[in-house]
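Residue numbers (numbering that gives the first Met the number 0), protein chains in the order written: chain A, 0 to 332; chain B, 0 to 329; chain C, 0 to 327.
The hints are simulated quantities; they were obtained by calculation from the structure and are not laboratory data. Watch out, some of these pointers could steer you wrong.
Said to hold, decoys possible - Dumping the calculated DSSO-like pairs for lysine-lysine here, alpha-carbon to alpha-carbon at most 27 Å:
(1) K133(B) with K159(A)
(2) K43(B) with K285(B)
(3) K29(C) with K184(B)
Claimed, not checked - If the Cβ cut is set under 10 Å, some of the chain C residues that face chain A in the computed set are:
(4) R132
(5) G133
(6) T135
(7) F136
(8) I252
(9) A253
(10) S297
(11) A298
(12) I299
(13) Y300
(14) V306
Predicted model only: the values in this text are computed from it and were never measured. Glycine included, every Cβ here is placed at the ideal spot set by N, Cα and C.
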Amino acid sequence: MSAAETTPQRIAGRGAAPQRSLWHVILVRPETMTLVLLVLAVILASQLSPFFLDISYILRSFTLSAEFAIVALVLTMVIIAGEIDLSPAANMALSTCLFAWAQASGVPMPIAIAIGLVAGLAMGALNAFMVIGLQLPSIIVTIGTLTLYRGLAQIIAGDKSIRMPEWFIGIDKVLVFGVPATVAIFVVVSLVLGLILAGTIFGRQIYQIGTNEVAARYAGIRTRRIKLILFLLMGLAAAIAGMLTASRLGSVRYDLGLGGELQMVLMAMLGGTYIFGGRGTILGTFLAAWLLVVVSTGMTVANLLPAIQLTVLGVLLIVAIIATNLIYSRAQR
Amino acid sequence: MLKKSLIAMAAGLALSTAALAQDKIDIVFIGKNTGNPYFDSLTKGFVEACQKIACNFEFVAPATAEATSQIPFIEAQIQRGVDVIAISPNSPDALNQVFDAARAKGIIVMTVNGDITGNEAHRDLTILPTDFTKVGADQIEMVGSLIGYEGEIAILSATTEAPDQNFWIKGMNEAIKDPKYAKMKLVATVYGDDQPEKSTSEMEALMANFPDLKGVIAPTTVGIAAAAQVVQSRGVADKVKVTGLGLPSEMRDFVKDGTVAAFQLWSPYNEGWLAAHLAVDLKAGKAKNEVGSTFEVPNLGTITINAGNSINTQSALTTFNAENIDQFDF
Amino acid sequence: MNALGRILARRETGIAVMIVLFALAVSLYKPQFLTLNSLRVILLLTPLVMIAAMGQMLVLVARHVDLSIGSMLGLSAMLTGMMFRDLPEIPWGLGFAVSIGIGTLLGLVNGALVTFFRLPSIIVTLGTLNLYRGLTFIVSNARQVDRQFIPADLKGMSQTSPLLGIPWIIFMAFAVALLTYWFAMHTRVGRQIFALGSNPIAAPLRGVKVTQVTLLVFAISGALSGLAGIMYASRWGFVNPSNTGFGFEFQVIAAVVIGGVSINGGVGSVLGVMLGVLLMGCVAAALPLLGIPGTAQSAIYGAVILVALLIDRSVRRQGIARFKAARA
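Hey, can you work out the whole structure from these sequences and the hints?
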């Protein structure tokens with residue numbers, strides 16, 4: 000991950016900053032903050048309820064958010080590139096409704112899965128077309144497509160739920176080395192994307208686009224193509240996450256993943272991704288996903304009002320972003 | 000904290016060795032969402048029952064009534080090791096897997112105030128407020144008596160797939176075929192999605208599309224309040240009669256100012272009361288979860304478990320009007 | 000360019016034409032859409048959104064966004080409703096001061112976080128969206144304030160009419176719009192908001208006090224959400240911790256963007272926003288009349304937002320082209 004840690008600063012043209020000791024570089028980082036919060040959350044949660052500290056329960060609880068967490072990893076890359084995508088949860092619903100609908104009307108499973116994946120890609124492509132092709136702000140475009148995709152899912156599936164075949168149900172119950180399969184997928188995707196972002200030219204170019212798109216273009220980076228790839232990846236990840244959710248729930252409804260965009264953005268932000276682009280790491284989002292799960296699971300198992308969870312999440316988001324900003328502004332000084 | 004739980008554990012051990020019957024069972028009720036006034040009364044039934052009999056009770060609910068929002072709460076109760084989960088399910092099928100996991104741990108899963116229709120095998124039993132097969136006919140009779148058994152009527156329901164409402168609407172469509180209602184005509188069924196804004200728009204549209212409308216049945220608490228408000232603000236309470244299923248606390252003003260003459264519901268309190276008693280009896284072996292078996296509940300008398308392991312708290316709907324509405328505190 | 004051409008090129012004209020065409024198209028199938036009563040229904044759907052939209056417009060013009068309006072509406076309505084319930088002898092008019100005051104306070108918190116910590120408003124208000132909603136549950140103990148506790152006079156404002164059968168709250172919404180127009184166009188501070196939004200770097204050089212202006216727009220957005228909060232209690236007659244104001248921000252932002260306010264700051268007009276709100280109201284009133292099921296509504300709203308964005312883009316392009324042509 001070391002390449003990712005130094006790259007943004009180098010690109011920001013702060014090479015003249017005084018040399019810092021190693022511990023300073025490691026400690027004054029947003030990911031460190033996320034890790035500290037995670038440890039604190041675990042301690043607090045185990046104080047709140049004697050039933051919390053049980054690794055298999057925490058892993059099981061993670062399966063409830065694992066689909067969002069997988070998409071949040073890709074979203075982190077999109078945000079680093081200076082864009083945002085609020086439509087993935089709606090994309091999950093629409094692509095999975097299409098998949099389920101095809102499957103229920105007798106299309107063989109592999110083709111139904113292909114339909115779902117292509118639908119996810121197409122939705123990513125539409126976002127990309129409006130943002131890159133038509134130069135519209137991604138935040139408003141994806142608020143629009145969020146509403147549109149969810150609405151189309153509602154038209155296709157109505158208010159009914161579509162059953163999944165028995166054999167398709169329960170991927171979250173399959174254990175890979177003692178870890179639920181969806182959690183294992185999340186870990187693997189984190190590793191792969193983390194390596195891509197930190198260790199490849201493609202990854203470095205993403206940081207450069209987010210730091211200064213015009214400069215990146217003059218430096219010969221194909222900014223439009225990279226952003227297109229990211230939006231397509233987003234669509235694909237959403238479609239896959241939708242199908243994992245379908246397997247976990249056993250049925251598909253238009254409200255699958257409703258409100259998930261908030262959780263995904265929260266994971267990226269809590270992990271120290273900078274909302275204006277150019278900064279952030281997969282490691283941060285990875286830790287933040289666990290932080291969110293620990294916080295909400297700890298409070299749920301203590302039978303606290305969900306209202307307190309909302310309040311804590313809101314405060315956490317603001318605190319995290321204040322800390323991230325302070326850390327980055329110190330790093331720049 | 001540790002000390003406290005040690006003491007509790009010691010006390011628990013002492014109790015269980017002394018007298019098994021005095022062991023308190025843990026019941027948790029998971030509502031559809033928090034802030035829903037309907038569940039205040041239902042919860043009160045549980046709370047007051049557990050003050051008298053051997054149970055500890057807790058109420059939890061997600062912030063929104065969306066299909067999957069109850070899953071983390073059920074998982075948490077499994078982890079806590081409660082004895083009984085009572086739940087008003089937000090989805091007829093998205094909870095199947097987690098219900099199975101709970102029952103595999105020996106937890107009794109009872110759906111209260113609504114069932115997982117079509118997936119009954121995934122729960123142990125259901126407690127419904129009344130015999131749902133009679134609701135449709137009762138509501139048609141109610142609106143008929145208000146409009147003098149003559150004229151156009153319409154239905155303002157919740158969501159298009161709300162299972163209970165659809166079951167009642169089916170009953171209404173059957174009941175209206177009775178020659179007694181020959182001069183009544185059901186002209187439309189619309190859906191307000193249980194949102195005040197949308198229900199209001201649908202009600203306004205009903206009145207614009209059917210100028211001769213005489214009566215509206217809204218078998219949902221949000222819908223009936225919205226419909227009453229439209230009629231009240233248009234000042235047409237004498238022309239369009241609104242009735243349906245509503246909460247007395249939400250409808251009191253409309254009944255007192257004459258906007259709504261009468262509406263119906265049941266006692267949510269009794270559902271909680273009955274559920275708590277049944278849970279304790281089942282765990283103590285005093286009652287059996289078998290079709291046809293009976294058990295005693297104070298104030299409610301002898302209760303029978305009907306086909307499909309389904310239990311009703313009352314045989315017919317309660318009608319509320321200007322005379323009796325002040326007697327109800329929910 | 001002649002006067003007629005200028006009017007035709009304006010964004011507001013485009014929305015007005017869309018409203019007329021939409022109304023005519025609907026009335027082909029349902030003639031009752033073009034009646035006085037249906038106008039009343041449409042207008043009654045709009046006042047809350049219109050009031051909050053005025054605040055949101057100013058925030059967007061200043062190059063920020065406020066996602067927390069629905070939760071500010073909910074929290075101020077809840078506290079006001081609880082005051083009505085627990086202190087019934089208090090004059091109901093005081094509810095307005097309380098609700099607007101709480102809203103202003105909440106808005107100032109947003110503004111302070113944005114200015115003093117230099118945080119992006121979209122994230123700050125995403126945080127306070129959750130925070131304020133959570134507080135609403137906590138202060139109310141997750142209990143609804145029932146209809147019987149809302150003062151009859153307050154509820155009457157949504158029903159009794161001073162003129163033409165149009166209830167009071169609609170007049171209030173239009174009054175807020177007029178005030179906003181005066182404030183934005185004819186006061187120094189109002190113009191400074193536009194200056195700040197169109198060029199945040201140059202604005203301080205021109206004497207714009209960035210901190211104060213930013214705090215002010217968020218305070219106004221909070222105050223108007225508070226006003227919308229007590230009007231919610233008037234319109235619907237109850238305050239619920241989870242429903243009241245939930246998802247309101249999407250409606251308002253959609254209406255404001257359709258009304259031609261640029262998400263990039265510096266551009267927006269009160270008339271445009273009012274027309275945007277009215278167009279949304281027309282759509283919401285027409286769908287049930289046409290018997291289009293609720294399931295289609297969300298998709299239609301999404302499509303309307305995207306179409307508005309596309310129109311906005313082509314209008315801006317034409318404007319730039321014309322500007323260039325005029326200079327050449």
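- Task: With a cut-off of 27 Å on the C-alpha distance, tell me whether K43(B) and K285(B) pass.
- Result: Given that 27 Å is the threshold and the Cα spacing comes to 24 Å, the pair holds.
- Query: Holds or violated: is the Cβ of A298(C) closer than 10 Å to a Cβ in chain A?
  - Reply: At 3 Å from the nearest chain A Cβ, A298(C) passes the 10 Å test, so the hint holds.
- Message: Under 10 Å is the threshold here; is the Cβ of G133(C) close enough to any Cβ of chain A for the hint to stand?
- Response: Because about 3 Å separates G133(C) from the closest Cβ in chain A, which is inside the 10 Å limit, the hint holds.
- Message: Run the distance test for K29(C) versus K184(B): straight-line Cα separation, threshold 27 Å.
- Response: holds (22 Å)
- Agreement of hint I252(C) with chain A interface, Cβ distance less than 10 Å: With Cβ-Cβ at 7 Å, under 10 Å, it holds.
- Does the CB of F136(C) sit less than 10 Å away from some CB of chain A? Nearest chain A Cβ about 3 Å off; hint holds.
- Message: Take the shortest C-beta to C-beta distance between V306(C) and chain A; is it under 10 Å?
- Response: holds (9 Å)
- Holds or violated: is there a CB of chain A closer than 10 Å to the CB of A253(C)? Hint on A253(C): holds, closest Cβ of chain A at ~8 Å, below 10 Å.
- Under 10 Å, Cβ to Cβ, is where S297(C) needs to be relative to chain A, so tell me if that hint holds or is violated. holds (3 Å)
- Would the stated hint for I299(C) survive a check requiring a Cβ distance to chain A of less than 10 Å? Holds, because the Cβ-Cβ distance from I299(C) to chain A comes to roughly 7 Å (cut-off 10 Å).
- Query: Does R132(C) meet its interface restraint, that is, does its C-beta lie within less than 10 Å of any C-beta in chain A?
  - Reply: Interface hint status for R132(C): holds (5 Å vs cutoff 10 Å).
- Is the shortest C-beta separation between T135(C) and chain A less than 10 Å? Because about 8 Å separates T135(C) from the closest Cβ in chain A, which is inside the 10 Å limit, the hint holds.
The structure is consistent with each of the numbered hints, conforming to all of them.
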